[in-house]
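Taken in order, these protein sequences are the chains called A and B. According to this note's numbering, the residues represented by the first sequence are 1 to 255, in order. According to this note's numbering, the residues represented by the second sequence are 1 to 396, in order.
Rather than coming from a laboratory, the hints here were simulated on the basis of the structure. One should not assume that every hint holds.
[As the list claims (entries may be wrong)] A partial selection of chain A residues facing chain B, derived with a Cβ cut-off under 7 angstroms:
#	residue
1	Asp-159
2	Leu-164
3	Glu-168
4	Pro-178
5	Leu-179
6	Pro-182
[Stated by the list, open to error] Quick list of in silico lysine to aspartate or glutamate cross-link-like pairs, EDC-like style, CA-CA up to 20 angstroms:
#	chain 1	residue 1	chain 2	residue 2
7	A	Lys-226	A	Asp-44
8	B	Lys-375	B	Glu-313
9	B	Lys-99	A	Asp-156
10	B	Lys-375	B	Glu-354
11	B	Lys-129	A	Glu-168
12	B	Lys-26	B	Asp-53
13	B	Lys-99	A	Glu-168
14	B	Lys-290	B	Asp-266
15	B	Lys-99	A	Asp-159
16	B	Lys-176	A	Asp-44
17	B	Lys-176	B	Glu-98
18	B	Lys-327	B	Glu-386
19	B	Lys-176	B	Asp-119
20	B	Lys-199	B	Asp-218
21	B	Lys-327	B	Glu-315
All C-beta atoms in this analysis are idealised placements derived from N, C-alpha and C, irrespective of residue type, glycine included.
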Amino acid sequence: MSRWLKRLYAAVVYGFLYLPLVIVAIFSFNSSKYSLAWKGFTLDWYAKLWQNTGLMSAAVNSLIIAACAATLATLLGTVAAFILHQYRFPGRRVLFGGLFVMMMSPDIVIAISLLLLFLALALPLGFSTLLLAHTVLCVPFVATTVFSRFHGFQTDIVDAAKDLGAGEYQVFRHIVLPLTAPAVIGGWLLSFTLSLDDVIISFFTTGPDFEVLPLRIYSMVRLGIKPDVNALCVVMMGITITALVLSRTLLKEKK
Amino acid sequence: MAGKYRLKSGEVPAESFFLEICGLNKAVVELNRVCKDYGGQRALSDISLTVADGEFLSLLGPSGCGKTTLLRLIGGFEDCTRGSLLIDGQAVDQSPPEKRAVNTVFQNYALFPHMTVFDNVAFGLRMAKKPAAEIEQSVAQALELVQLAGMERRRPTELSGGQQQRVAIARAIVNKPRVLLLDEPMSALDHRLRKQMQKELKQLQRTLGITFILVTHDQDEAFAMSDRVVVMQHGQIEQIGTPMEIYEEPVNLYVARFVGDINVLDGVIREQTGPSTFKALVEGAAVSLKSMRPLSLGQPIHLLLRPEDFRLELEQDMAESQDLSAKFQQARLKGTVRRIFYHGATYDVEVALESGARVQVTEFFDDDSENLYFKPGDSVALGWHEGWEVVLPHEK
Numbered sequence: 001m002s003r004w005l006k007r008l009y010a011a012v013v014y015g016f017l018y019l020p021l022v023i024v025a026i027f028s029f030n031s032s033k034y035s036l037a038w039k040g041f042t043l044d045w046y047a048k049l050w051q052n053t054g055l056m057s058a059a060v061n062s063l064i065i066a067a068c069a070a071t072l073a074t075l076l077g078t079v080a081a082f083i084l085h086q087y088r089f090p091g092r093r094v095l096f097g098g099l100f101v102m103m104m105s106p107d108i109v110i111a112i113s114l115l116l117l118f119l120a121l122a123l124p125l126g127f128s129t130l131l132l133a134h135t136v137l138c139v140p141f142v143a144t145t146v147f148s149r150f151h152g153f154q155t156d157i158v159d160a161a162k163d164l165g166a167g168e169y170q171v172f173r174h175i176v177l178p179l180t181a182p183a184v185i186g187g188w189l190l191s192f193t194l195s196l197d198d199v200i201i202s203f204f205t206t207g208p209d210f211e212v213l214p215l216r217i218y219s220m221v222r223l224g225i226k227p228d229v230n231a232l233c234v235v236m237m238g239i240t241i242t243a244l245v246l247s248r249t250l251l252k253e254k255k
Numbered sequence: 001m002a003g004k005y006r007l008k009s010g011e012v013p014a015e016s017f018f019l020e021i022c023g024l025n026k027a028v029v030e031l032n033r034v035c036k037d038y039g040g041q042r043a044l045s046d047i048s049l050t051v052a053d054g055e056f057l058s059l060l061g062p063s064g065c066g067k068t069t070l071l072r073l074i075g076g077f078e079d080c081t082r083g084s085l086l087i088d089g090q091a092v093d094q095s096p097p098e099k100r101a102v103n104t105v106f107q108n109y110a111l112f113p114h115m116t117v118f119d120n121v122a123f124g125l126r127m128a129k130k131p132a133a134e135i136e137q138s139v140a141q142a143l144e145l146v147q148l149a150g151m152e153r154r155r156p157t158e159l160s161g162g163q164q165q166r167v168a169i170a171r172a173i174v175n176k177p178r179v180l181l182l183d184e185p186m187s188a189l190d191h192r193l194r195k196q197m198q199k200e201l202k203q204l205q206r207t208l209g210i211t212f213i214l215v216t217h218d219q220d221e222a223f224a225m226s227d228r229v230v231v232m233q234h235g236q237i238e239q240i241g242t243p244m245e246i247y248e249e250p251v252n253l254y255v256a257r258f259v260g261d262i263n264v265l266d267g268v269i270r271e272q273t274g275p276s277t278f279k280a281l282v283e284g285a286a287v288s289l290k291s292m293r294p295l296s297l298g299q300p301i302h303l304l305l306r307p308e309d310f311r312l313e314l315e316q317d318m319a320e321s322q323d324l325s326a327k328f329q330q331a332r333l334k335g336t337v338r339r340i341f342y343h344g345a346t347y348d349v350e351v352a353l354e355s356g357a358r359v360q361v362t363e364f365f366d367d368d369s370e371n372l373y374f375k376p377g378d379s380v381a382l383g384w385h386e387g388w389e390v391v392l393p394h395e396k
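With the hints as constraints, model all of the structure from the sequences given.
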């Protein structure tokens with residue numbers, strides 16, 4: 001009896017978490033335009049989504065920003081992790097702690113402070129400010145992911161490579177990079193999804209001439225939920241889940 | 001007894017024998033008054049050491065004595081805080097590990113897990129940009145030397161601990177270094193494999209003629225393999241010498257105790273009877289001693305004796321035989337047998353002296369008798385083979 005109770009409990013928890021997503025997915029195939037009643041299966045909304053140029057350009061913008069920010073953050077984060085792992089210097093612990101501060105800080109705080117910074121520097125809000133903001137958002141996640149990977153292998157390995165005649169660059173190229181590649185790629189994918197679905201920071205740090213998908217949806221939803229938004233949500237969900245599964249498997253491998 | 005293998009003060013010391021082998025060879029590593037601090041903590045102080053070309057040298061000491069730090073200094077992974085370090089006569093204080101003609105076998109082997117055995121061994125040659133054909137040949141040779149031919153395509157995770165260690169050794173020696181540094185390379189192996197690797201490593205060193213510097217906390221390992229042993233404590237060198245010198249002529253109580261079992265008796269100098277002979281009172285008995293040290297009258301001393309240095313006889317036998325008591329002329333302490341420890345080829349006898357001190361005596365089995373000669377409760381006379389004692393000034 002208690003076994004069934006346990007299963008029921010688990011089912012309720014997972015239902016609570018995932019039912020909304022399932023409902024969005026179902027309604028993206030519903031032919032009714034306004035009512036929540038089921039009027040039959042259709043793929044019209046996906047077609048309509050494809051024709052909605054405003055939405056599609058916002059989506060392309062989002063993908064570009066996500067890819068650029070993830071790449072930049074991965075470069076910076078990987079080097080940061082390597083330095084934090086390999087060298088002992090004054091302020092190292094503070095720098096390392098700073099990563100967690102950035103991860104724990106509410107997005108709204110980061111968003112406002114970045115906005116203030118951009119205004120103070122008189123940077124016009126748009127692609128570049130958004131890219132910087134998303135990079136800032138992602139670097140700590142990459143750095144900590146890669147850092148924990150470094151901890152997984154012995155420091156002796158780097159010493160051994162140096163001992164055998166490898167310079168700093170060669171150590172990085174032949175030893176550090178191949179060994180950390182799964183974590184680096186995982187960090188990139190994580191950054192990509194973080195950037196893709198960020199609303200708050202994007203809201204404050206982009207300009208009117210560079211609209212990203214979450215903001216576009218936000219403004220559309222204010223006039224009522226349209227079924228093509230449901231379709232869009234399902235597509236984005238697909239991208240996120242793919243990225244997530246990919247990063248998980250990469251991190252798991254070769255452990 | 002082990003007497004014929006032993007050299008005592010007055011005989012030709014083994015150092016000259018060592019110099020005969022290595023004396024003509026030039027120094028390959030020289031450390032002059034080297035100090036190393038870690039954030040105010042002194043890890044090494046005032047280390048001066050010369051390692052001869054082709055020598056097998058061991059750094060011996062307990063963990064935390066600075067032996068690994070010293071090895072890392074030579075390898076270039078640490079900088080000297082003070083002092084100078086020369087390799088082949090060149091100051092290398094400023095050169096990083098990749099610029100030194102020195103290779104290291106790390107404690108955990110530190111093999112590259114993402115490379116095959118071949119790639120691991122070839123790494124150093126590739127970094128040196130050697131032609132591919134030469135790399136192929138050198139790697140094959142090195143793997144042959146460590147008996148791993150045919151394992152080229154394996155990954156380190158597919159090898160046993162012993163095989164991994166062979167890869168680590170091959171990876172280091174393939175670069176033909178001037179000096180090979182070994183950081184407790186045998187500590188992860190089981191007892192039998194360790195003994196075997198000790199032999200192979202010693203053999204390899206002879207074959208290659210490369211200088212080996214081995215860090216170990218295992219006295220047996222250091223003694224079995226080394227030309228010379230450096231005993232360290234608290235970041236300092238306590239004694240440098242051949243294994244025989246270290247064992248038989250320890251310069252202080254620490255070295256004496258670190259290398260094997262030893263009995264320490266207390267005494268005081270009573271009279272100087274010759275240039276290097278003294279009369280002393282040891283544990284309440286008048287004895288005569290030999291020592292090259294300058295000792296003054298009334299000076300408190302430690303008398304060091306290995307368990308196998310003693311003569312032990314039953315008091316009743318002593319009373320019956322003149323010859324026997326003649327052997328105890330220079331020292332005759334009285335005691336009672338407390339316990340017997342059986343070891344197979346030998347047995348240890350624990351004797352309580354009249355003064356209360358306890359000593360451990362190792363006896364070999366008498367060929368003729370099937371029973372142990374001593375039993376608990378026996379009254380015994382305790383002496384030692386003349387000249388085998390080591391006299392040290394009393395330490396607090």
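How the hints compare with the structure:
The interface hint given for A:Asp-159 holds, since its Cβ lies 6 angstroms from the closest Cβ of chain B, which is under the 7 angstroms cut-off. With 7 angstroms as the threshold, the beta carbon of A:Leu-164 comes within range of chain B, its nearest partner Cβ sitting at about 4 angstroms, so the hint holds. Violation of the interface hint for A:Glu-168 is found here, the shortest Cβ-Cβ separation to chain B being roughly 9 angstroms, above the 7 angstroms cut-off. Of the supplied interface hints, the one on A:Pro-178 holds, with its beta-carbon coming within about 5 angstroms of a beta-carbon of chain B, less than 7 angstroms.
The closest approach between the C-beta of A:Leu-179 and any C-beta of chain B is roughly 6 angstroms, which is under the 7 angstroms cut-off, so the hint is satisfied. Checking A:Pro-182 against chain B: minimum C-beta separation of about 11 angstroms lies over 7 angstroms; hint violated. For the hint linking A:Lys-226 to A:Asp-44, the alpha-carbon distance of about 12 angstroms falls within 20 angstroms, and the restraint holds. Straight-line distance between C-alpha atoms of B:Lys-375 and B:Glu-313 comes to about 12 angstroms, which keeps the hinted pair within the 20 angstroms bound.
Between B:Lys-99 and A:Asp-156 the alpha-carbon distance is near 18 angstroms, which keeps this suggested pair within the 20 angstroms criterion. For the hint pairing B:Lys-375 with B:Glu-354, the CA-to-CA distance comes to about 18 angstroms; that is within 20 angstroms, so the pair holds. Using a Cα cut-off of 20 angstroms, the hinted pair B:Lys-129 and A:Glu-168 holds, with the two alpha carbons roughly 16 angstroms apart. A C-alpha spacing of about 6 angstroms is found between B:Lys-26 and B:Asp-53, which places the hinted pair at or below 20 angstroms, so the restraint holds.
Of the supplied pair hints, the one linking B:Lys-99 and A:Glu-168 holds, its CA atoms being roughly 12 angstroms apart against a limit of 20 angstroms. Straight-line distance between C-alpha atoms of B:Lys-290 and B:Asp-266 comes to about 15 angstroms, which keeps the hinted pair within the 20 angstroms bound. Of the pairs offered as hints, the one joining B:Lys-99 and A:Asp-159 holds, with about 13 angstroms between alpha carbons and a cut-off of 20 angstroms not exceeded. A distance of roughly 72 angstroms separates the Cα atoms of B:Lys-176 and A:Asp-44; the hinted pair therefore is violated under the 20 angstroms criterion.
Distance check on the hinted pair: B:Lys-176 and B:Glu-98 sit about 14 angstroms apart at the alpha-carbon level, within 20 angstroms; holds. As the CA atoms of B:Lys-327 and B:Glu-386 are separated by approximately 9 angstroms, the hinted pair is consistent with the 20 angstroms bound. This hinted pair checks out: B:Lys-176 and B:Asp-119 have alpha carbons roughly 17 angstroms apart, not beyond 20 angstroms. Distance check on the hinted pair: B:Lys-199 and B:Asp-218 sit about 15 angstroms apart at the alpha-carbon level, within 20 angstroms; holds.
At roughly 13 angstroms between alpha-carbon atoms, B:Lys-327 and B:Glu-315 fall within 20 angstroms of each other, so this suggested pair holds.
In the structure shown, a violation is registered for the earlier hints numbered 3, 6, 16, in ascending order.
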